[in-house]
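From just these sequences and the hints, can you work out the full model?
Just so you know, the sequences run in chain order A and B. Heads up: the first sequence at position 8 corresponds to 8 in the numbering used here, and the numbers run straight through without jumps. Heads up: the second sequence at position 82 corresponds to 355 in the numbering used here, and the numbers run straight through without jumps.
There are no misleading hints in this set.
Derived pair list, reagent style DSBU-like, types lysine-lysine, alpha-carbon separation capped at 35 Å: (1) B:K340 with B:K434; (2) B:K479 with B:K382; (3) B:K384 with B:K479; (4) B:K434 with A:K40; (5) B:K427 with A:K40.
None of these hints come from the bench; they were simulated from the model.
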Amino acid sequence: MASRSYRSRFINSLAILYVALIVIYILAPNIIIMIMSFNKAQYFIFPPTGLSLTWFRRAISTSGWRVAFSNSLVLALITALVSTALGVLSGLALHRGRFRGREVFINVFLSPLVMPQLLLGIALLLFLGQLGLVGSLMPLFLGHVLVTFPYVLRLILAALPGVSANVEEAAYSLGADEITTVLRVTLPIIRPAVLSGWMFAFILSFDNLMISLFLASARVYTLPVKILETLEWEMDPTVAAVSTIFMLLSIGLMLILDRTVGLRFDTSISSRA
Amino acid sequence: MSRFRLTLNQMLFRSRWSTWVQLLPALLIITFVFLIPLVQLFAVSLWEYDPTGVLRATDPTAENYLKYLRQPFYRQVITRTLRLGFITSTVCLLLAYPLAYILARMNFKHKSLLMFLLITPLFVSVVVRVFGWIVIMDREGVVNYVLQALHITKQPLRILKTEYAVVVGLVNVLLAFMVMPIYSSLESIRPSLEEAAQTLGASPIKAWLRVTLPLSIPGVLAGWTLAFIMTLSSYVQPSVLGGPSYFVMATVLRSQITGALNWPMAAATGFTLLAIGLVAVYVPVYLIRRVFSANLEEGSNRG
Chain A
1 MASRSYRSRF
11 INSLAILYVA
21 LIVIYILAPN
31 IIIMIMSFNK
41 AQYFIFPPTG
51 LSLTWFRRAI
61 STSGWRVAFS
71 NSLVLALITA
81 LVSTALGVLS
91 GLALHRGRFR
101 GREVFINVFL
111 SPLVMPQLLL
121 GIALLLFLGQ
131 LGLVGSLMPL
141 FLGHVLVTFP
151 YVLRLILAAL
161 PGVSANVEEA
171 AYSLGADEIT
181 TVLRVTLPII
191 RPAVLSGWMF
201 AFILSFDNLM
211 ISLFLASARV
221 YTLPVKILET
231 LEWEMDPTVA
241 AVSTIFMLLS
251 IGLMLILDRT
261 VGLRFDTSIS
271 SRA
Chain B
274 MSRFRLTLNQ
284 MLFRSRWSTW
294 VQLLPALLII
304 TFVFLIPLVQ
314 LFAVSLWEYD
324 PTGVLRATDP
334 TAENYLKYLR
344 QPFYRQVITR
354 TLRLGFITST
364 VCLLLAYPLA
374 YILARMNFKH
384 KSLLMFLLIT
394 PLFVSVVVRV
404 FGWIVIMDRE
414 GVVNYVLQAL
424 HITKQPLRIL
434 KTEYAVVVGL
444 VNVLLAFMVM
454 PIYSSLESIR
464 PSLEEAAQTL
474 GASPIKAWLR
484 VTLPLSIPGV
494 LAGWTLAFIM
504 TLSSYVQPSV
514 LGGPSYFVMA
524 TVLRSQITGA
534 LNWPMAAATG
544 FTLLAIGLVA
554 VYVPVYLIRR
564 VFSANLEEGS
574 NRG
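Set out below in structure tokens:
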């Protein structure tokens with residue numbers, strides 16, 4: 001008996017060691033960037049030579065980074081708003097509607113999620129380029145809405161069956177019209193789905209690289225695009241400071257999401273599939 | 274204001290066409306930002322390339338697709354892409370299965386924190402993570418510093434700009450996608466099944482091999498397929514960690530757009546990627562259905 005518990009303790013610590021190694025592997029690149037962003041040296045040399053906030057100061061004072069950041073932020077805010085509105089509206093129609101081809105509509109609306117974003121990126125570059133739209137935030141906005149709204153739609157479609165028709169009928173019989181009922185009864189009931197849809201749309205747009213990479217131009221670019229181009233051309237520790245800010249923002253958003261509506265593995269994963 | 278509200282209500286909910294009015298905005302996006310651009314791009318993929326870079330309609334030809342079978346350069350690119358997909362998703366699987374098993378079967382004090390750390394990759398931009406790997410694997414990076422400080426190597430090793438670097442960077446991001454489906458399939462298997470097998474005389478390894486593993490196959494396949502597809506269309510890791518001569522389909526596609534302005538070939542590359550992805554999704558589903566229905570028949574025959 002004693003040997004058995006000894007063995008299981010051994011297996012337990014082996015398991016904990018394994019999990020710890022994996023966690024280190026997953027977090028390593030993020031932690032290294034944070035360390036390097038406070039490093040004094042001009043180059044990425046390990047180990048760090050001293051503590052300094054120079055790169056953060058430079059990141060904030062460089063107009064290119066400021067523009068990239070504000071573009072990404074504005075884009076993510078508008079995209080999340082529009083995607084949520086589209087998702088809710090089409091979700092209501094697809095949930096309640098009893099028309100032929102309803103399943104087909106749902107599948108087509110959700111299909112941008114399974115397309116390689118590379119493919120969507122060049123398709124949009126070609127099509128919107130002919131319309132003369134490339135060179136502004138417009139094509140980026142359209143592309144981001146395309147890849148985020150199906151995600152909101154799926155969350156809404158999963159939540160709507162939980163709304164009892166009786167509650168809505170009670171609202172009607174008390175004299176509320178349909179808009180009031182949707183705004184005051186239906187939406188509050190599915191609030192967690194709407195909220196997490198909005199936040200996921202925001203994060204997916206804020207982080208998006210593949211769509212933005214094709215639709216960005218020399219004047220209009222987003223933060224991930226600008227970081228990638230800097231990595232390809234000139235490495236300068238400023239990019240570490242920018243990345244640290246970017247990373248902390250993303251993790252902050254994720255924490256808010258976790259606290260307000262709760263993160264579920266399956267939902268967060270399928271959003272990126 | 275209230276008249277506007279009345280009209281809006283009428284349009285959105287009470288008219289004969291109300292469902293279609295509600296669907297209209299989404300339909301417009303799907304039609305003009307998705308379906309039409311894709312159809313147009315597919316048409317372009319069947320055109321001939323004009324070396325001057327001017328996009329001109331020609332008679333439809335499958336030449337661009339056939340290049341992936343005929344020309345040595347493209348053949349190399351497609352085999353490298355597929356190989357990278359197989360290596361990455363298999364490494365992911367080997368690392369993820371024990372992890373998912375541990376998470377599903379053992380009680381940790383800080384399990385939710387662990388899960389949180391495991392999914393942070395989904396929220397931190399890929400560009401930032403790849404940047405971190407550059408700093409770690411560079412000539413003057415962390416790994417070379419440690420190796421030299423411990424006197425294991427004298428010269429800095431070339432780690433960056435190799436296939437290893439690409440796989441390390443990809444697995445780092447995709448591991449979370451692999452762990453979750455395996456975790457949820459393992460969690461749905463009651464531990465008592467495995468215990469029953471052991472009570473009936475099976476060794477722990479045999480019990481796992483004959484009971485748990487077969488039942489977790491759907492999760493394994495789902496995770497493997499997901500990692501495989503995501504590797505196929507990954508761009509950042511191959512282009513930044515693999516170096517300028519490490520061409521996979523995604524990087525070829527981009528350089529055809531930015532460099533040669535070869536739209537037809539880029540389009541054909543994109544649709545080939547889509548086709549490989551679809552095959553990778555549906556073949557495992559088909560195989561699982563066949564295997565499971567065969568098992569069911571076998572079971573009912575025995576019964």
